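Enquirer: Chains as they are written, first to last, in the working numbering: chain A, 1 to 494; chain B, 1 to 310; chain C, 1 to 134.
Calculated from the structure, these hints are not laboratory results. Treat the hints with care, since some could be wrong.
Unchecked claim - In the SDA-like style, the derived pairs of lysine to any residue whose C-alpha atoms are separated by at most 20 Å in a straight line are:
id : chain 1 : residue 1 : chain 2 : residue 2
1  : B       : Lys261    : A       : Asp5
2  : B       : Lys261    : A       : Thr2
3  : B       : Lys261    : A       : Arg75
4  : B       : Lys106    : A       : Pro67
5  : B       : Lys261    : A       : His6
6  : A       : Lys373    : A       : Tyr439
7  : A       : Lys373    : A       : Trp462
8  : B       : Lys261    : A       : Leu3
9  : B       : Lys261    : B       : Leu283
This one's a predicted model, so the numbers in the text were calculated from it and none came from an experiment.
Residue strings, one per chain:
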Amino acid sequence: MTLLDHLPVLVVLIPLMTAPLCVLVDRPRASWIMALAAAWLSFASAIALALTVATSGTLTYQLGGWPPPWGIEYRIDTLASYVVLIVTAMAALVMLFAKESVASEIPERRIARFYASLMLAFAGLVGIVATGDAFNVFVFLEISSLASYALISMGRDRRALNAAFQYLVMGTIGATFILIGIGFLYMMTGTLNMLDLAARLPEVSDSRTVRAGFAFLTVGIGLKLAMFPLHLWLPNAYAYAPSAVTAFLAATATKVAVYVMLRFMLEVFGADFSLGAMPLDLILMGLGLIGIIMASLVAVFQDDIKRMLAYSSVAQIGYMLLGIGLASATGVGAAILHIFNHALMKGALFLALGAVAYRIGAVTLGDFAGLGKRMPWTMAAIAIGGLSLIGVPPTVGFVSKWYLVLATLEQGLWPIAVLILIGSLLALVYIWRLIEAAYFGAVAADAPEVREAPASMLIPIWILVAANIYFGINTDISVGAAMQAATMLMGDGG
Amino acid sequence: MLIAVVAIRMRDLFGVVILFGVYSLLTAVLFMDLDAVDVAFTEAAVGAGVTTVLLLSGLRLTRRWEAPPRHNPLFSLLVVGITGAALVYATLDAPLLGDPSSPVHKHVAPRYLQQAVEEVGMPNIVTAVLASYRGYDTFGETLVVFTAGLAVLLLLGFPDGSESRARSSALGDQLVLKVVVKLLVPLILLYALYVQFHGDFGAGGGFQAGVIFATGFILYDMVFGSANARAVMPADWLPRLAALGVLIYGGVGIFSMLAGKPFLDYSALSADPVQGQHLGVLLVELGVGVTVFSIVLSIFYALSGRRPRS
Amino acid sequence: MIEIPGLFNYWVVVFLMMAGFYVVISQGNLVKKLVGLGLFQASVFILYITMGNLSGGQAPIVTEGVFVYSNPLPHVLILTAIVVGVATTAVGLALVVRIHEAYGTVEEDEIHSLDMADEETPRKGDDRPGESRE
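Excised from the complex, chain A in its bound form (with noise of 0.2 Å):
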């Protein structure tokens, strides 16, 4: 077996044992130096991995050499490659932007185990798209999360440590209902293996058993995806973690569990059961809209810009949802597309807070006043970053919400449309709020001096605002690679 034949496993491999070098080394320094070199080297990875699957169609790799059922198989396909791609890439530019972040923001006898942790967290979300077994996905899961909680309860404020157990409360809660799920599917069929449970589900899928395994796993995923109204972890856990940490967890996290909305709910239990048997696209579609009008409505009021983004990204979840629920290719399509999309405008909105935490310690709107003079490649981005919240062309935003309503069109449903519509007015209103702050208020008398950020940071925060509208103008990768994902997970029906 040659090395491109192990990609698929290097992916994850290259953080896996990247962590435990951290532990072993415990220096700062030489610490960010190595999670920085595994998260580039897991991206160039995640890149040959997606030109390979363009090209010679689906990877798989048997893990231990044992064939599928018996054994455990990493299966990538384009929707697999594509996701991958996108949390490697986020990886490897927040650490560049980590060193003065996370330098500043965490004590640094803790710093070679935090960088541990991100690996750990970074390596379990890749694992979760990588492989094609139901229970390996139950285990990543959680390796993911267990490094999640402890991240996330690093933040400064002591309502971190809060946060973090309440989201370990609910994600565990999310992860048992999953288990269930799997048990019950397992207890109809036998296997664990993805591929294997869609073949064997459709003669049993009439028996209660796997309609209470679906539900459960709904749930579940619902908890983990911060879906409404099981969100309620999300706004605390965003708002209070370290600047690193919120940037890297709101690009990735939640897209990784859209993924395995889309893995379990299309390809195990096949469109026309989720979507046709089971009302699985009027509740996407019902709590994916209450989502995005709700959770834009409370970001309006809210004075602490971390907190807004926050609930900005619980109602573009629900844009994701909704497009799953509308329950076509085009509308499976742009829910893919958005991951790719959102994924860019969050980590780009992310880390430029995380630069002005850095620079002036809080992120209320009243530190906003003035920013605009103060710290211009900072406020540019996150202006930019909002007007792709908001969805105006040329930036993503605008892309995914074009395929969104081009969507609903499709199905005659006007209604949605101008309801997606309200939701960017919605998200126009809480970035004007902010814009007006940075460049129309006036600076405090008693505000400290403060500089721009420095270039480890500018970098990757322009890096993805430079994609967020590079992509919007050429959307030939993006969109061909999402709408060739849907059509085979939405032909791959039943």
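Starting from the known structure of chain A, arrange chains B and C on it as the hints suggest.
Expert: Just chains B and C, lined up with the frame of chain A:
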């Protein structure tokens, strides 16, 4: 079942934790009855043993009594009712207990039962599946332990030397205890080693062994005081040992990759594939045992060495 | 037809699961929540093991003269799940200890009121009292 209800109503948390320990022990007995010996062993050691010790350490650092409930339990009861109904609904179509024609007995599992002895070379099928067929899951599980230990260390850290030297053992100068423990500890450690290496043939394996090995140290710490315990096993070594365990496990997998086989394919370890399997399982379980031992002991040190803040 | 005796095992499990779940969502004391979580998870384990049991079978360790074994796969899965459960409890406990040091309480409502009070009069100063240790 009764225990569960009482645990809900009790407000003395110490009682709740002990009852929970009893519940775990009963669960372990139930597992024995259902022919799940490895699971029973693990539940007894990990569930009843470690969890109880952890919770009690946590109680020491917080409060023993729970405040009276303030809000209306109606909403919670509703949620629980719906979930329970969904679960009962699910069972209506489920295969019955012990039914040999249920899907789980007809697909996937038969190959393990029939061919594990030939392919992996060991009679304990659970170990064969755990360490070889689904070895990657176990790798993940080892990493879960590592991640949790890391999390606890990030949150609590180890107490520094001066605190522990000043404190004498919590159990004072009980001569009988000291003598008995001195006799027991080597036996416990020996038993742990037995469990570690005999796991291929009887119930056992890395997780249980790691926990039991740690128990020996914990017992020593409790009776002879943390100063002595830390002289034997310094706290700083533990995270590094844990990392080493993970690296051993991963290292075996990487070795397979370098030999041109997939990650964790043990047949790459020796000319005879079954020998390779044996070697692989041995090394991998060792990695697990080392990591579990180090993390369990680390967590204990972190919790026990911390002074309660009033 | 629905066979009551064969399903009884499952129903007991469901009751236990719901007991644990109830504790988690309704009780305000954080330590009790963790115990409830453990209870909830332990019952799921029983569910899986029950699934794998075979009437007249033995533990899946190949021995002379035994031909019928219970299913080893659920055992493997539950072994993993038990370890995951204990890992979660440990992290949860570490969090509870730190919360107690930072807030002086482990009751949910008291923590909430302290946070609300904070928002009226923002505190500056040592927000992380537990950090002074090693």
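Enquirer: Would you mind marking each hint as holding or not holding in the structure?
Expert: Comparing the hints with the structure gives:
1. B/Lys261 <-> A/Asp5: Roughly 10 Å between the alpha carbons, so the hint for lysine 261 of chain B and aspartate 5 of chain A holds.
2. B/Lys261 <-> A/Thr2: holds, 9 Å
3. B/Lys261 <-> A/Arg75: holds, 17 Å
4. B/Lys106 <-> A/Pro67: holds, 18 Å
5. B/Lys261 <-> A/His6: holds, 9 Å
6. A/Lys373 <-> A/Tyr439: It holds: about 7 Å lies between the C-alpha atoms, which stays within 20 Å.
7. A/Lys373 <-> A/Trp462: Holds, at roughly 18 Å.
8. B/Lys261 <-> A/Leu3: holds, 11 Å
9. B/Lys261 <-> B/Leu283: Satisfied, since the Cα-Cα distance of roughly 17 Å is no more than 20 Å.
Violated hints for the displayed structure: none, as all numbered hints are satisfied.
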